[in-house]
Amino acid sequence: MKQLEECRQILEDPNGYVKRLKAESGRKIVGTYCSYAPEEIILAAGAHPVRLFGSGEKIRLAETHLQSYCCSLVRGALKDALGGRVDFLDGVVFPHTCDSIQRLSDIWRLNVPACFHLDVVLPVKLDTDGARRYVTDVLKRFRRELGEQLGVSITDGDLRRAIGTANRIRSALMKIDDLRGERPGILSGSDLYVLVRAAMVMERIRAASLLEEVADDLTKRSGSAIGRQPKRILLSGGVCNHPDIHAIIEEAGGAVVGDDLCTGSRYYTGLTDEKVDPVTAIAGRYLERVVCPAKHRGLSDRADHLVRLVREKRAQGVIFFLLKFCDPHAFDYPYLKEALDRVGVPSMLMEVEDRLPAEGQLRTRFETFVEMI
Amino acid sequence: MAEKDEAKEKRKIKAVKRMKEIMTAYYIDAKTAEQTGKKVAWITSGGPVEPLIAMDVIPVYPENHGAMIGASKMGVDLCEKAEAMGYSSDLCSYARSDISCATVNGGPIGGLPRPDMLVCCNNICGTVLKWYEVQARFFKVPLFILDTPFCHTEFTEEARRYVQEQINEYIAFLEESCGKKLDFDRMQEVGRLSVEGQRLWQAVLDTAINRPAPLSAFDAFFHLALIVTLRGTQQAVDYYRLLLAEMRERVASGIGAVPNERYRLLWDNIPVWFRTKWLSEKFASHEACLVADTYTSAWCGSLKYVDENNFLGTMAECYTRIYLNIGVDEMARQVIEMVDKYVVDGLVMHSNRSCKPYSLGQYDIQRIVGEQKGIPTLMIEADMVDERSFSEGQIETRIEAFIEMLREKEKR
Chain A
8 MKQLEECRQI LEDPNGYVKR LKAESGRKIV GTYCSYAPEE IILAAGAHPV RLFGSGEKIR
68 LAETHLQSYC CSLVRGALKD ALGGRVDFLD GVVFPHTCDS IQRLSDIWRL NVPACFHLDV
128 VLPVKLDTDG ARRYVTDVLK RFRRELGEQL GVSITDGDLR RAIGTANRIR SALMKIDDLR
188 GERPGILSGS DLYVLVRAAM VMERIRAASL LEEVADDLTK RSGSAIGRQP KRILLSGGVC
248 NHPDIHAIIE EAGGAVVGDD LCTGSRYYTG LTDEKVDPVT AIAGRYLERV VCPAKHRGLS
308 DRADHLVRLV REKRAQGVIF FLLKFCDPHA FDYPYLKEAL DRVGVPSMLM EVEDRLPAEG
368 QLRTRFETFV EMI
Chain B
51 MAEKDEAKEK RKIKAVKRMK EIMTAYYIDA KTAEQTGKKV AWITSGGPVE PLIAMDVIPV
111 YPENHGAMIG ASKMGVDLCE KAEAMGYSSD LCSYARSDIS CATVNGGPIG GLPRPDMLVC
171 CNNICGTVLK WYEVQARFFK VPLFILDTPF CHTEFTEEAR RYVQEQINEY IAFLEESCGK
231 KLDFDRMQEV GRLSVEGQRL WQAVLDTAIN RPAPLSAFDA FFHLALIVTL RGTQQAVDYY
291 RLLLAEMRER VASGIGAVPN ERYRLLWDNI PVWFRTKWLS EKFASHEACL VADTYTSAWC
351 GSLKYVDENN FLGTMAECYT RIYLNIGVDE MARQVIEMVD KYVVDGLVMH SNRSCKPYSL
411 GQYDIQRIVG EQKGIPTLMI EADMVDERSF SEGQIETRIE AFIEMLREKE KR
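One line per chain: the protein sequences are A and B, in this order.
Each residue of the first sequence is one higher than the last, beginning at 8 in the working numbering.
Each residue of the second sequence is one higher than the last, beginning at 51 in the working numbering.
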């Protein structure tokens, strides 16, 4: 599929792609590290939002600022900034999520002066009327502050167009996710990863068209003609920046049919209402989308969602993919596992620091798990 | 020898005895709440306790319990139990030991009394949110969350509105949980006592400005208990009056916490509860006194925002703008203020694996303070409760090298 090839090329050197985009379009580049970053407002300001992940190089640069018990996402982000690897950024946006990202924001502000820096201090509690008013106020402030930084005034029309684009991307990704969940044979897990990841980097209008083309293409495919039926696996966790994991699961006889990941469905599920006031609509999506464990929406929201997702995707097993030192996810793991145990769905836990364990070791673990289910 | 013992006896703080009595009575009261028909709320250390006092609810502090578990060296066992329940060994050791303790009623006091409700304020960390969710599911009791937006560079108007609204929600939550209305006159009085208690506690800490300092941070770690657990009561006010009088007496007669005080240091982060005695003796043996700390002073850091005649109206700001809920640069600024106020020769930072909001950013604070005040920092890698993260040999070597550095600096 030529669209996949386009995405793969971008991901080979995402920073290079963004630099070219900046040079060609003259657009300002705004970096984000979290699925709660208000991309629509950045787009509406005429800037280009790019989701960043640490590159895993020059790790020593972060050591003078962050202890070893800080997760690799945060350390990686900082070392890239200090090492000049993201000097194409005009600005960076930190939504409030966990304790580590919160401190990364401070340390970045104090040590990376080259680009502007904005905090979006979202509420942690999402299930009250007060939180609804507050998140709307916070987004209004962000709209104003971002406009000031970029020297533009963001109109409601700009916001509506941006919401339209973001919704096209989300709708297409949700459709692809559904199609693949039904018929895992039509698109490999690593290919879906490539599409989702590229959507966070590439020019968004192009991303929307590209993903719609892929969705149309997949609808037309029969695709169930693979020899043996793979075991249906769901991934749950935070950031998963390891495309190889899909191939290893597939080789072990499994297929990822869905996920609850920050770099997966949590990024694209839930549309922004296009009929109401745009900022209110963006706020509404934040409150209603699938939650990150750093946020609170009731005591069983995440477990209910996971069990519902398992049923919807007819998953036979869940792999918890957790980043070492990620506290919110580590706190939720026992209760999520228990919820799965109660409905008789087996699960396994994989904790990753910054790179995957040796492939052989991983394959053995996945094979054992897939055989068990 | 006899003379030495006598000097040691003179240095002991007499109020300790009274403090132990108060805390014992408090825990007996809490543990027998079921028989006496009183309600019990578990609350985070930075949480708004005053409305609980005004509603006659007994506040219980899992973090204080965590500190007791650490001090009694029961942390490793309980942390391992939590790990067997599936909680990662990288998680906060207060949370781990409390979560497992609740299931086995273990620890130094046989577990905390069962809560009727949980009150969680995330002004100290995001960890308490997850921890209280776990406990709310375990005990099946209502959870109130006071969400205090992080103040990276400012306390915004929208954050003020949001927190103020939640103060009203909190009162409604308590009224429903207790089945009675809040007496606003009583609330006003509790607020006044809370402010008075905080002022007295600050005054106690301030006596360490004197040379020699009549108390050290290690003493403050102990005497802190009341401003955390019984803030807003007459008892806390009376106790700190007593302690303050004793400190003033010590200052007048030149009694220092550390014999021959030579180096004055500032402690940063939560204590290493299972090694406070060892650390205290180690520093004292080098004639170094930890004269102040960022930890115990955090319970009176909001005094500048409070209006004691309008406690409920100013609570939102007081509880949001606390030491851990602010940016790293603002924390560094406050450390520098303390360095100047207490005339400090060096920083001792506990890089605490359990506490990310307190520890991440310490390297930058160290750098800023070093640049502006020219004082060195000792970094101790440890944990507040989990002894497995404490390497005695390495820490001893670091302390010695640090003291050597102070000595060299003194010669210049």
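These are computed hints drawn from the structure, not numbers from a lab.
Heads up, some of the hints might be wrong.
[What the hints assert, rightly or not] Computed cross-link-like contacts, BS3-like style, restricted to lysine-lysine with a CA-CA straight-line distance of at most 25 Å:
1) B:K89 to B:K70
2) B:K459 to B:K64
3) B:K190 to A:K132
4) B:K64 to B:K332
5) B:K123 to B:K354
6) A:K331 to B:K131
[Stated by the list, open to error] Cβ-Cβ distance ranges computed for the label pairs, FRET-style:
7) B:G443 to A:G91: 37 to 43 Å
8) A:Q368 to B:E133: 20 to 26 Å
9) B:S441 to A:D311: 40 to 46 Å
10) A:K26 to B:K327: 55 to 61 Å
11) A:K26 to B:T203: 26 to 32 Å
12) B:R164 to A:D223: 56 to 62 Å
13) A:T226 to B:T203: 44 to 50 Å
14) B:P158 to A:D311: 33 to 39 Å
15) B:T203 to A:G164: 49 to 55 Å
16) A:E258 to B:Y355: 34 to 40 Å
[What the hints assert, rightly or not] To give an idea of the interface, some chain B residues facing chain A are shown, with a C-beta separation under 10 Å as derived from the structure:
17) Y137
18) N172
19) G411
20) F440
Glycine included, each C-beta is placed from N, C-alpha and C at the ideal position.
A quick look at each hint next to the structure:
Taking the CA atoms of B:K89 and B:K70, the gap is about 23 Å. The hint holds against a cut of 25 Å. A threshold of 25 Å between alpha carbons decides the hint, and for B:K459 with B:K64 the separation of about 36 Å lies outside it, so the pair is violated. Restraint check for B:K190 and A:K132: the C-alpha separation of about 19 Å stays at or below 25 Å, so the hint holds. For the hint pairing B:K64 with B:K332, the CA-to-CA distance comes to about 23 Å; that is within 25 Å, so the pair holds.
In summary, the hint linking B:K123 to B:K354 is not supported, as the alpha carbons are separated by about 37 Å, beyond the 25 Å threshold. Our distance criterion of 25 Å between C-alpha atoms is met by A:K331 and B:K131, whose separation comes to about 20 Å. In this structure, B:G443 and A:G91 meet the distance hint of 37 to 43 Å, their C-beta atoms being roughly 39 Å apart. In this structure the hint that A:Q368 and B:E133 lie 20 to 26 Å apart at CB holds, the actual value being about 22 Å.
Distance hint for B:S441 and A:D311: a CB-CB separation of about 43 Å, consistent with the stated range 40 to 46 Å. A beta carbon spacing of about 58 Å between A:K26 and B:K327 agrees with the range 55 to 61 Å that was offered as a hint. One distance hint, 26 to 32 Å for the beta-carbon pair A:K26 and B:T203, holds here, with the actual separation near 30 Å. The hint said 56 to 62 Å for the Cβ distance between B:R164 and A:D223, and at roughly 58 Å that hint holds.
Hint check: A:T226 to B:T203, Cβ distance near 49 Å, so the stated range 44 to 50 Å holds. Checked against the hint of 33 to 39 Å, the pair B:P158 and A:D311 passes, with Cβ atoms roughly 37 Å apart. Checked against the hint of 49 to 55 Å, the pair B:T203 and A:G164 fails, with Cβ atoms roughly 31 Å apart. As the Cβ distance of A:E258 to B:Y355 is approximately 59 Å, the hint placing it in 34 to 40 Å is violated.
This hint holds: B:Y137 has a C-beta 6 Å from the nearest C-beta of chain A, less than the 10 Å allowed. A least Cβ separation of about 6 Å between B:N172 and chain A falls short of the 10 Å threshold, and the interface hint therefore holds. Given hint, B:G411 at the interface with chain A, holds; its Cβ is 5 Å from that chain's nearest Cβ, closer than 10 Å. Against a cut-off of 10 Å between C-beta atoms, the interface hint on B:F440 is violated, since the closest Cβ of chain A lies about 14 Å away.
Violated hints for the displayed structure, listed by number in ascending order: 2, 5, 15, 16 and 20.
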